[in-house]
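Visitor: Here are the chains, one letter per residue:
2 protein chains.
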Amino acid sequence: MRKRPALNVALIQESFKGSKDKTIRVTKEKIAKASKKGAKLVVLQELHQSEYFCQCEDTKYFDYASSFEDDIRYWSEVAKEYEVVLVTSLFEQRAIGLYHNTAVIFDSDGSIAGKYRKMHIPDDPGFYEKFYFTEGDLGFEPVDTSVGRLGVLICWDQWYPEAARVMALKGAEILIYPTAIGYLESPKDRRDELCEKENSPKERKKMLDAWIGVQRGHAIANGIPLLSVNRVGFEADKSGQIGGINFWGHSFALGSQGELLAMANEVEEVLYLTLDLDTLLEVRKIWPFLRDRRIDSYGELLLRYAK
Amino acid sequence: MRKRPALNVALIQESFKGSKDKTIRVTKEKIAKASKKGAKLVVLQELHQSEYFCQCEDTKYFDYASSFEDDIRYWSEVAKEYEVVLVTSLFEQRAIGLYHNTAVIFDSDGSIAGKYRKMHIPDDPGFYEKFYFTEGDLGFEPVDTSVGRLGVLICWDQWYPEAARVMALKGAEILIYPTAIGYLESPKDRRDELCEKENSPKERKKMLDAWIGVQRGHAIANGIPLLSVNRVGFEADKSGQIGGINFWGHSFALGSQGELLAMANEVEEVLYLTLDLDTLLEVRKIWPFLRDRRIDSYGELLLRYAK
Chain A
1 MRKRPALNVA LIQESFKGSK DKTIRVTKEK IAKASKKGAK LVVLQELHQS
51 EYFCQCEDTK YFDYASSFED DIRYWSEVAK EYEVVLVTSL FEQRAIGLYH
101 NTAVIFDSDG SIAGKYRKMH IPDDPGFYEK FYFTEGDLGF EPVDTSVGRL
151 GVLICWDQWY PEAARVMALK GAEILIYPTA IGYLESPKDR RDELCEKENS
201 PKERKKMLDA WIGVQRGHAI ANGIPLLSVN RVGFEADKSG QIGGINFWGH
251 SFALGSQGEL LAMANEVEEV LYLTLDLDTL LEVRKIWPFL RDRRIDSYGE
301 LLLRYAK
Chain B
308 MRKRPALNVA LIQESFKGSK DKTIRVTKEK IAKASKKGAK LVVLQELHQS
358 EYFCQCEDTK YFDYASSFED DIRYWSEVAK EYEVVLVTSL FEQRAIGLYH
408 NTAVIFDSDG SIAGKYRKMH IPDDPGFYEK FYFTEGDLGF EPVDTSVGRL
458 GVLICWDQWY PEAARVMALK GAEILIYPTA IGYLESPKDR RDELCEKENS
508 PKERKKMLDA WIGVQRGHAI ANGIPLLSVN RVGFEADKSG QIGGINFWGH
558 SFALGSQGEL LAMANEVEEV LYLTLDLDTL LEVRKIWPFL RDRRIDSYGE
608 LLLRYAK
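As you go down the protein sequences, you meet chains A and B in turn.
Residues 1 to 307 (my numbering) make up the first sequence, in order.
Residues 308 to 614 (my numbering) make up the second sequence, in order.
Same shape as in the complex, but just chain A:
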């Protein structure tokens, strides 16, 4: 079989610019530049058009989702203009009162290659996503594009080996995670015990390492490269309930043995890298984990708890 050429990738790690208009304009400029530098696959962070509005529960933010169809048209044009496969992360209004956290993947001709609706929805202090997003109902379906078969998942999904495995079993060639994760800050006027505990340098390092570590586990267990694109910068909680979130950046790329290929810092950054997909997937011949799965004995994975 003839090998495909190596794939040039750009991961765009950004901060929110104060308004949707300004934010998407800057993102578009970065995509233009990435395209000029040869990128054929561009991945954006979770909910990249707006601030991370899930820090509090407020119905006004549902209005952000009403432009879903316009947003699709906008990013379709961008993908087409700059001839890149583009992974976006949008707020989808499916009906009034029914919303999803949805990745729309465009091929380089601007067509919609596929959609993925976030399947695992978190709900933690500062991350009240269960208020906004209904669990996805499209399953774990990789998306065929001109650069390969992409296993796109979103943020909280990254903690679930099941999601990564199903994508791999369906022939995904890369796992891709747009994400928005960071450190909680204590409110200025009072000390919040959970925030304080989480904000010690030791705890921060442990969280960051765990975030990278669990995704590295998916890359290794499935013999598959992995891209993770995180938001960066401080965003206040407008409700004042918490002190805001410092999104920790550190977007990264792993090879199919979990080896680190590239990592961003905790600043705005576009991470460029090259993936030789055909070679990367060869590792499965040496480490044939898919060969020996005990599918006769995994039934309990479908239970909530098995004790």
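Derived from the structure by calculation, the hints contain no laboratory data.
Source: prediction; values computed, not measured.
In this text, a Cβ means the ideal position worked out from N, Cα and C, and glycines have one as well.
Incorrect hints may have been included.
According to the in silico footprint, chain A covers these stretches of chain B (three or more CB under 8 Å from chain A) [to be verified]:
{"#": "1", "region": "390 to 404"}
{"#": "2", "region": "415 to 429"}
{"#": "3", "region": "458 to 468"}
{"#": "4", "region": "475 to 486"}
{"#": "5", "region": "557 to 569"}
{"#": "6", "region": "587 to 598"}
Knowing the structure of chain A, use the given hints to seat chain B on it.
Guide: What follows is chain B alone, placed relative to chain A:
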């Protein structure tokens, strides 16, 4: 609920001593010493009574399994004498022509707390286990002991998130992996391409990191501490087919966020550490991954391939 006292653990990483008699005598001495130092849980490496005989396929090695019942009596006495919960890894003859790679777990009174028959069986150059071991048929069942509910798995199992997850769903409080993994050496009289490639320092590091990394992923995804005990030292392949295996040691212990608690070097070593199980499992309240599993959408995990 009253908290349990912290658990003192000893992980015994050894080399083969040339004969079963000598090897098990030295192991027993190490258990005695560990007990004296306060260890209540002692974990031994995979197939710790003998050389790693799976480097070649030879029916003579089936004789090693014929002493399974005697071996159980021996280690039962050791556990009882030194009052430790003991995780052993034995070669089980279930019938002539039917053998398993079996962990027998003894409680500190010498009683058998449980058995686990290795479920995932590898077969790679130098690791011809499918010739020797039939796949386990006891499922992924944690074992209740006086020190906690132990999720004992064996070596190749460590690459499978499914195994770790089922153990966690069944209430395991620690994941424990006796293992035997190392670097293949080229035969002295010829260059073996696979061995040479795998033996570059860069490839060795990548393999070691992947071995740690995939297990770290299980600890994080399940919010559970993890102990992995590996064989160490060079063992020749008596058939001359390969140049032998350098078992790489590096036994380690992780906390429930995947943080490294202790790690051995590439020499004989007993690793001591203390686990506060009740506190470690508290992390699941902050990172509630079990809460949000999409059990309605994991059905494809039971397929061999889903494309």
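Visitor: The structure should be examined with respect to each hint, and the outcome stated for every one.
Guide: Status of each hint after checking the structure:
1. 390 to 404: violated (count 0)
2. 415 to 429: That given contact holds, which follows from 4 residues of the region 415 to 429 of chain B lying within Cβ reach (below 8 Å) of chain A.
3. 458 to 468: holds (count 4)
4. 475 to 486: holds (count 3)
5. 557 to 569: As far as the region 557 to 569 of chain B goes, the hint holds, because 3 residues have Cβ atoms under 8 Å from chain A.
6. 587 to 598: Holds, because 5 residues of the region 587 to 598 of chain B bring their Cβ atoms closer than 8 Å to Cβ atoms of chain A.
Of the numbered hints stated above, the single one contradicted by the structure is hint 1.
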